[in-house]
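Chemist: Each chain, letter by letter, is given below.
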Amino acid sequence: MSLTPDDVRTIARLARLAISEQDIPRYADNLSRILDFVAQLDQADTSHVAPMAHPLSSLTQRLRDDVVTETSQRDLFQENAPQVDAGLYLVPKVIE
Amino acid sequence: MHTKTLTQLARDLKARKLSSEELTRAYLARIERFNPELNAFITVLQEQALTTARAADACIGKGDAGPLTGLPIAHKDIFCTRGVKTSCGSKMLDNFVAPYDATIVERLRQNGMVLLGKTNMDEFAMGSSNETSFYGPVKNPWDPTRVPGGSSGGSAAAVAARLAPAATGTDTGGSIRQPAALTGLTGIKPTYGRVSRYGMIAFASSLDQAGVITCTAEDAALLLGAMAGFDPRDSTSVDRPVPDYTAELEHPLKGLRIGLPKEFFDRGLDGRVGEAVYAALTVYKKLGAEVRDISLPNFWLSVPTYYVVAPAECSSNLSRFDGVRFGHRCENPVDLMDLYTRSRGEGFGAEVKRRIMTGTYVLSAGYYDAYYLKAQKTRTLIRQDFIAAFENVDVIMGPATPTPAFGLGEKTEDPITMYLNDIYANGVNLAGLPGISIPMGFVDKLPVGLQIIGNYFDEARLLSAAHQYQRETDWHTRIPKGFE
Numbered sequence: 001m002s003l004t005p006d007d008v009r010t011i012a013r014l015a016r017l018a019i020s021e022q023d024i025p026r027y028a029d030n031l032s033r034i035l036d037f038v039a040q041l042d043q044a045d046t047s048h049v050a051p052m053a054h055p056l057s058s059l060t061q062r063l064r065d066d067v068v069t070e071t072s073q074r075d076l077f078q079e080n081a082p083q084v085d086a087g088l089y090l091v092p093k094v095i096e
Numbered sequence: 001m002h003t004k005t006l007t008q009l010a011r012d013l014k015a016r017k018l019s020s021e022e023l024t025r026a027y028l029a030r031i032e033r034f035n036p037e038l039n040a041f042i043t044v045l046q047e048q049a050l051t052t053a054r055a056a057d058a059c060i061g062k063g064d065a066g067p068l069t070g071l072p073i074a075h076k077d078i079f080c081t082r083g084v085k086t087s088c089g090s091k092m093l094d095n096f097v098a099p100y101d102a103t104i105v106e107r108l109r110q111n112g113m114v115l116l117g118k119t120n121m122d123e124f125a126m127g128s129s130n131e132t133s134f135y136g137p138v139k140n141p142w143d144p145t146r147v148p149g150g151s152s153g154g155s156a157a158a159v160a161a162r163l164a165p166a167a168t169g170t171d172t173g174g175s176i177r178q179p180a181a182l183t184g185l186t187g188i189k190p191t192y193g194r195v196s197r198y199g200m201i202a203f204a205s206s207l208d209q210a211g212v213i214t215c216t217a218e219d220a221a222l223l224l225g226a227m228a229g230f231d232p233r234d235s236t237s238v239d240r241p242v243p244d245y246t247a248e249l250e251h252p253l254k255g256l257r258i259g260l261p262k263e264f265f266d267r268g269l270d271g272r273v274g275e276a277v278y279a280a281l282t283v284y285k286k287l288g289a290e291v292r293d294i295s296l297p298n299f300w301l302s303v304p305t306y307y308v309v310a311p312a313e314c315s316s317n318l319s320r321f322d323g324v325r326f327g328h329r330c331e332n333p334v335d336l337m338d339l340y341t342r343s344r345g346e347g348f349g350a351e352v353k354r355r356i357m358t359g360t361y362v363l364s365a366g367y368y369d370a371y372y373l374k375a376q377k378t379r380t381l382i383r384q385d386f387i388a389a390f391e392n393v394d395v396i397m398g399p400a401t402p403t404p405a406f407g408l409g410e411k412t413e414d415p416i417t418m419y420l421n422d423i424y425a426n427g428v429n430l431a432g433l434p435g436i437s438i439p440m441g442f443v444d445k446l447p448v449g450l451q452i453i454g455n456y457f458d459e460a461r462l463l464s465a466a467h468q469y470q471r472e473t474d475w476h477t478r479i480p481k482g483f484e
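Top line first, the protein sequences correspond to chains A and B. Heads up: the first sequence begins at 1 in the numbering used here, then just goes up one per residue. Heads up: the second sequence begins at 1 in the numbering used here, then just goes up one per residue.
So that you can see chain B by itself, here it is in the shape it has in the complex (with noise of 0.2 Å):
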């Protein structure tokens, strides 16, 4: 049954082809015999889940169920539970049990979801490899000497080993799209406001936005049409209506306006990736969309822009952890500057003390200008490339990374090269677009992705044109050897 996708594990619960505490100790069997070797999960839920389950199959019994009813879950570790311990990843939340659930967490298990547990991360969301986290790297299940991608290394891994049939995932610079990428599977940014942060650690509160990795789009599709939509309890939460995104999916190709960056296409970029992104394009051809191409002049700017905006929130937004009311506490502290300072250096990662120091350096007295106010201009730029853009097209493509999976402790030495796996992400979160990753074929018997980047608030379409490119290919219904 781990080979289904969410959309019939859902249609068996329902036809009562199977229960959900079946699928559950399915999943939960899964996770005892591969997590040793993946380290995909950082905590196990095993009896929650189960209890959950069989809540599930009541609900089921009486007629009562939704859509979710019983179908398994894993969150992403950023995500509070109430009860549950939530650690981001990093030694200062080690200790930290959440008092209370974030908004995704609760609607999905008010949808009746089965939370199987809690996965693996780089270090407070600040990474691309996994390789950050204080509970140490993810394997990618493609090639365990890879890594999986992150900072959603851990429920990219899960769901490509099938260990649970969909994960939640947050994406400031590519979080959630390039370990979908690098893990063949389907993980969708939505517009930023679009799903409530309430609950979700913060690490750059203008990029920061959560989503879901699936192994299809039409999961994905089910799976936000429950997490999105207005959270009185999140400032920056948009009232606007959810579409039926399942319904959407249909909606016909015929004339959809493809644009093809050329700046996507220079140096830095794997010619066999990028070989992969034309066979696309064919198939939408034939789908009937027109490819046209197109220019983002200031896309050069995303990513030294990224790195001046995400360290500068995140050396404010970490700045909470004091050691005082929640997390990590040095032994003995002398006073209190020394409480402060040696139970953050304990605490921190070397990863999330360069992001701190770096955005303290360029907020400090006297950079202020020179850094932070001249990154937000240039993130004006980038914005008003992608805005001209969809005054001509209704979607953009290109590729979701440059390469495929790197080896682990390849991209650690230098933090610039590390950076750079996110050029083609970084700019969407700086606009605040939606994205979406897709598999787009094999370079090196290694997954790689297609990303399609749209319009504010035009999620449906991206899961459409995701969906029946689906339809006509088989990329998606790949599993990792070992892990069918």
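Chain A on its own, in the form it takes in the complex (with noise of 0.2 Å):
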């Protein structure tokens, strides 16, 4: 498996991250090693074998009562953001 430099920056858009040009060779590489790495589960014989996606797999989705047990905090919340005004997120305009 050998991811080309545009592999890298489609991989890099799906992911929201921007890398920069230069890096993008070293990126190619690491994940290419670890794509191959990986590639030995191949070996493994899995054609009788159910998916396992969580270690307890006995238990079920746990359900509570429907009633509220969350009071609003949202100004405490927006002291960690970047930008708000009068308690809404900001971010650059998306519709023109």
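Hints in this document: simulated from the structure, not taken from any laboratory. Heads up, a few of these hints could be off.
As the list claims (entries may be wrong) - Selected chain B positions facing chain A (Cβ under 8 Å, derived; list incomplete):
1. Thr236
2. Leu256
3. Leu260
4. Val308
5. Thr417
To be verified - Some chain A residues judged to face chain B by a derived CB distance under 10 Å, without partners named:
6. Arg26
7. Arg64
8. Gln78
Glycine is no exception: its CB is placed at the ideal position from the N, C-alpha and C atoms.
Since each chain sits alone in its own frame, please combine them into the complex, following the hints.
Modeler: Structure (structure tokens):
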């Protein structure tokens, strides 16, 4: 598996990561090596094996009563926001 | 007093031989003296710690103290701590002040523990050497040219140098056990679901689990008892009673069946580490245990499986860092896409980006079945091996790491070389089992760890096996030179 610089640009775009042009060859090399390494999995016979998503497979998703458990802490949470105004998060203009 | 264990300090506090304030001042002074060279702490909470310590002393004075009241602790900077910077070792969260406490932070606070500060770590817990931290690498107190392991490297270095009597950690693929092994400490990763993950910044949610790094198994039992237990705020927290780990420590080992997987002794293992494992087994045999050869035929799949599953979950979890609601935001974004990509590109370091991109790739259309679905199936094979093994043995033992601590910068060039340091650890997380590492000797004057893996929710047995070994040996009492 050898990723091209264009593959890395595509993956970075999907992952919403700005990668500088000069770093692209290094990521192409690193990611290719990682994918080669994990390709070992092909050698395992898994034709009759069920996939496992979670260690506690017997566990079913717990449900709770439909009651209000949280109070609004908007002001507290927005103390960490880069830019807010009147309780709203500000981002660059999306619709012209 | 810094050479005492947490359990001994608890006795001294209870007997009023010393106050929590004296104890806290002593550790804060050691942090001030040694942290500049070790870089184990990202944040030190001098004022807050002393205030809590005085409150603890008042509690002890009134006679309504619990077993942990007034004891200092350090938290890995992955645990949200109300009103305190919680960085996760990343530039992305360099400006983040947690608005709430993680459940374990809250529980230990309610137990009267004194928080000394937040410890350094690999960025978002992704690393095995603490070299991916935005705040710089942590030095191993046993040899400052070597790494302390990771990702809980700051917690391990802090306890090894006796800058704190105990510290919390998290373990997604070895991040408690490996640094504990490389710094001569006891580190336990409980069963998945045993300790709440609420407020613990997520890396790979089906693998992440919180635990502790301490000087002894006895100390680990004391802390784990207070941390473990059901939490309605974590949807995968298991509602099951927590045993009295301290009371179980003396459970006799006679008849304990120890499984020794032959795959753990294949190439890649430093022969001297292997010798140390056999020497430890001799001690266990003397205590009445029986050693059986076992096989984990799919062991070789654990690291490659881990490096599909963990990056996949990480790419999903870390999508929350968008530069909008909290965390780093780039300067002058031209549009929303620019805001996302540059905030993330600037906020994350190289290893985190590698893992996000690996995860994005293995989950992307056309590759999902070949990588992610395949890894979910090999994960089943890995778990089945352990389940089969535990039909014939009570615990599994082996090395915690293939070698003692490696040099700073030695494995940063090739990610695969770094990943293979957790070869004995990854499978335990994939299966969701508990594991502990305890000191079992020295190689090249550096500590090495014995890993004991248990069946689901069998932490009490791991702790008692570790404790009784520690009564027969003194590896866990060694303190690195210059820190005595």
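Chemist: Each of the hints needs a verdict: does it hold here or not?
Modeler: Hint by hint, here is what the structure shows:
1. Thr236: Holds. Min distance 7 Å.
2. Leu256: violated (24 Å)
3. Leu260: B/Leu260 check fails; min Cβ-Cβ to chain A is 24 Å, beyond 8 Å.
4. Val308: This interface hint holds because 5 Å falls under the 8 Å limit.
5. Thr417: violated (10 Å)
6. Arg26: OK, holds: A/Arg26 within 10 Å of chain B, min 8 Å.
7. Arg64: holds (7 Å)
8. Gln78: Holds: closest Cβ of chain B sits about 8 Å from A/Gln78, inside 10 Å.
Violated hints, in rising order: 2, 3, 5; the structure is consistent with all others.
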